[in-house]
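There are 4 protein chains.
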Amino acid sequence: MLTLIDERNKKYVVDGKKDFHTDLGVIKAEDIQNSKPGSIIKTHLGHEMKVIKANVNDYIDVMERRCTIILPKDIGIVITYTGIGCGDKVVEAGTGAGATTLRFSRVLGNEGKIYTYEKRKEFYEIAKRNIEKFGVKNVVMRYRDIRDGIIESDVDLVFLDMPDPWNVVEHAYEALKYGGWFVSYSPYVEQMKKTRKKCEEFNFSEIFTYECLLREMEIKNDAVRPKTRMIGHTAYITFARKVP
Amino acid sequence: MLTLIDERNKKYVVDGKKDFHTDLGVIKAEDIQNSKPGSIIKTHLGHEMKVIKANVNDYIDVMERRCTIILPKDIGIVITYTGIGCGDKVVEAGTGAGATTLRFSRVLGNEGKIYTYEKRKEFYEIAKRNIEKFGVKNVVMRYRDIRDGIIESDVDLVFLDMPDPWNVVEHAYEALKYGGWFVSYSPYVEQMKKTRKKCEEFNFSEIFTYECLLREMEIKNDAVRPKTRMIGHTAYITFARKVP
Amino acid sequence: MLTLIDERNKKYVVDGKKDFHTDLGVIKAEDIQNSKPGSIIKTHLGHEMKVIKANVNDYIDVMERRCTIILPKDIGIVITYTGIGCGDKVVEAGTGAGATTLRFSRVLGNEGKIYTYEKRKEFYEIAKRNIEKFGVKNVVMRYRDIRDGIIESDVDLVFLDMPDPWNVVEHAYEALKYGGWFVSYSPYVEQMKKTRKKCEEFNFSEIFTYECLLREMEIKNDAVRPKTRMIGHTAYITFARKVP
Amino acid sequence: MLTLIDERNKKYVVDGKKDFHTDLGVIKAEDIQNSKPGSIIKTHLGHEMKVIKANVNDYIDVMERRCTIILPKDIGIVITYTGIGCGDKVVEAGTGAGATTLRFSRVLGNEGKIYTYEKRKEFYEIAKRNIEKFGVKNVVMRYRDIRDGIIESDVDLVFLDMPDPWNVVEHAYEALKYGGWFVSYSPYVEQMKKTRKKCEEFNFSEIFTYECLLREMEIKNDAVRPKTRMIGHTAYITFARKVP
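Chains as they are written, first to last, in this note's numbering: chain A, -10 to 233; chain B, -10 to 233; chain C, -10 to 233; chain D, -10 to 233.
Where hints are given, some of them may not hold.
If the Cβ cut is set under 10 Å, some of the chain B residues that face chain D in the computed set are [claimed, not checked]:
no., residue
1, His10
2, Thr11
3, Tyr199
4, Leu202
5, Glu205
6, Asn210
7, Val213
8, Pro215
9, Thr217
10, Arg218
It should be emphasised that the hints constitute simulated quantities derived from the structure, not laboratory data.
By construction, the Cβ of each residue, glycine as well, lies at the ideal position given by its N, Cα and C atoms.
Using the sequences provided together with the hints, build the complete structure.
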């Protein structure tokens, strides 16, 4: 996969399987196949496109979606505070458009696996297309309500972005490895509180909840300041670890 | 590697190569080798230890270090905003005690590689011991001042935690893949500003700087509130992407 | 002064000196004069208006202005960290539309005084109208560049919202009472740094800089969360106290 | 009242009614009476003390207290978002050590009045001493449980720092002027939520809740950064306005 950047700094993600059409003209599949990061290719109308290595963010930005996407800042802390990485087994619900699935997929590698549950047919189909098109091999999609149980066992992380994560705490406890993590992403205080209580009931350990705030700094006329606008809140992220 | 949790909730990370001594008694290497996550083993004094899968955070918490460690929150956003993952090639400086090296190592996998530069002999040695003991195979340590040049090429990410990252921007530009990222971690505004200017000179694109703030929520007597204490600042993290 | 609230929750601030015209009809001056907080009065078209005591925020919201207004959060910390109150003497520059002037005026009372400097004729005129209409007696307006010197002496607070506050540090030092405060409001790091250095040169004490962040909580469907949107930055507020 | 600053930058607040004893020696009452801001006076052991105008923060820092004090940042937003000022009438509970009482007292002036309720004898006595010693004339102390009713009427602000502010919403509604404000200061989400609901029942308008975060910037070796330590949370401050 490659990312093309046009003269207006607009980005496109292409795989070179077929000709690529934009309002600045057509790029032949062949030209894409022959290019590599660093190349500059031209549309049939003569407009230049810079070619760079595509990353998962480029792809998520342009892929089909009909729902909100969890921000990288929030997935970042899930990855580092649980310590997941290559070779690990992750269970996720709901899939949504598949953005988080792809992010996890990136850090789990070919030796790892992510099983993603989605009970809404529409999102299941969208995510399926998105994930297939991105071409990763370590994702297993499940068209299923995770509240009916988790099929996998010996799991390193169960990650939940759904309205009622407390209803999956028991299933998660069963599915998890000792030392593995349950993590839920919930916008509301009440969701977080109810989930934490359930985690305590099931004897999870190291229960903590973080909120992650990102501030962007800007430089204008050679002077530095934080940006005026900022996202005030996305969600409370609750972590709980299974111990004997 | 396994993590043991004693009755006081203190954690130990063990590899079972030899007997393990604590103030609660000795655990035989053999007992460690025969245990697995979920086991409970006893010291020769009869104290119980719960066994769980060790993760990179357990290990970093107990490993040798004589310097500050970059917090998971900050490495989290580096991972997700650059989109690095399995199979990628990362260059890092300075190594410090090796904590960040190990975190990157986790998400790069066996197909990926991290080259970590440290010019201070003392830290180089500490990190070497820490990394070897953790048993990862994708780390190449370089006892070298990264300001003298980056040996690698076609790199996905150059990550710098050093006082003068601006002195490495040129080397990073050369070493990076098109589409790869330069990221610097700097506590002071002036460092960030100087580095960003240098990135602009070298025609990097998508330059942005984030500060990541983590708030922990607590539940006391069944009532929720953010914790009184909070880390106010660690560093400004500047991102810049190489484009043609 | 009274605040009227119409059926759409839109607010108006009226003084009853003349008939008041809105798109919901006219209210006679007489009706306003005969009303008091708690009254409900009708326009000639029969629309009801609730009457409440007007406060300075109601007035600032509707008054004429062609510039950004400093937010209450920022003036709040100026008031409480300097400890100013009734009977104190404050010098301020620039006046802008007069919003901050009115806020200070409220807490200084009839025994106190605020001297506000504005060198831009247009803003001087706007502020003059705003301040006169609000009807306070403790404001002295100066159409003058404060960098040319401060006329007053024995001042409790010099508050500066201007691009180059460092150019007024010397004048402020002379004008201030021992124990009085110099405070500057600056969006950029560089302004703050330069001003602090100047304060150090003039031997000010208790120099500190705050940034004030306000998060609003919301309740939706009986569940609590911080709002998604938040103002990320307004200004760095630097305090310095004159000591012998 | 004057503030003395010794050679170690330690502060004392004195009224000159009697000799002042410190570990650096004694200062005669007469010497204090004859000094003014800007003076330098000596103890009988020859140590110098700088004299400055005392402010309410100097006094609060040294006064007797056996409880936590609400921080200036939080009182700041109460003052500016309600628009209270000289001549206003405020009701407060509980008094605690009287710090907030003194802050409000400063901005209400001689024409204003603050009625402060405290039901715990011990705190009532401490606050009484603190307030008398500070010498303000606009404070009326009430040794009384505010949940038994508010004696005053036509009040501009009812400010509550107590565990169950919802129990005072009805009394506050009765006591307030139309256009006046109910404000409660509560560390926990649940307190805030319960109070807001009660405010909705009593038909309060303009209900909103803020959390105020202060970040301090520091300069080290000529470089700027936010401080490492920060107060993560004090309280949720809920505002509600009485309308007809």
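(message) Quick check on arginine 218 (chain B) please, does its C-beta sit within 10 Å of some C-beta on chain D?
(response) Nearest chain D Cβ about 6 Å off; hint holds.
(request) For the hint on histidine 10 (chain B), just tell me whether its beta-carbon gets within less than 10 Å of chain D. (result) Interface hint status for histidine 10 (chain B): violated (36 Å vs cutoff 10 Å).
(message) Take the shortest C-beta to C-beta distance between threonine 11 (chain B) and chain D; is it under 10 Å?
(response) violated (33 Å)
(request) Have a go at the glutamate 205 (chain B) hint: is there a Cβ in chain D nearer than 10 Å to its own Cβ? (result) holds (7 Å)
(message) Min Cβ distance, leucine 202 (chain B) to chain D: is it shorter than 10 Å?
(response) holds (9 Å)
(message) Would the hint on proline 215 (chain B) be counted as holding, given a Cβ-Cβ threshold of 10 Å to chain D?
(response) At about 4 Å, which falls below the 10 Å cut-off, the nearest Cβ of chain D leaves the hint on proline 215 (chain B) intact, so it holds.
(message) Given a cut of 10 Å on the nearest C-beta pair, is the interface hint for tyrosine 199 (chain B) held or broken against chain D?
(response) Interface hint status for tyrosine 199 (chain B): violated (14 Å vs cutoff 10 Å).
(request) With a cut-off of 10 Å on the beta carbons, see whether valine 213 (chain B) makes it to chain D. (result) holds (4 Å)
(request) Would you check whether threonine 217 (chain B) satisfies its interface hint, that is, whether its CB is within less than 10 Å of any CB in chain D? (result) holds (6 Å)
(message) A closest beta-carbon separation below 10 Å is what the hint needs, so does asparagine 210 (chain B) meet it against chain D?
(response) At 9 Å from the nearest chain D Cβ, asparagine 210 (chain B) passes the 10 Å test, so the hint holds.
Hints 1, 2 and 3 from the earlier list are contradicted by this structure; the remaining hints agree with it.
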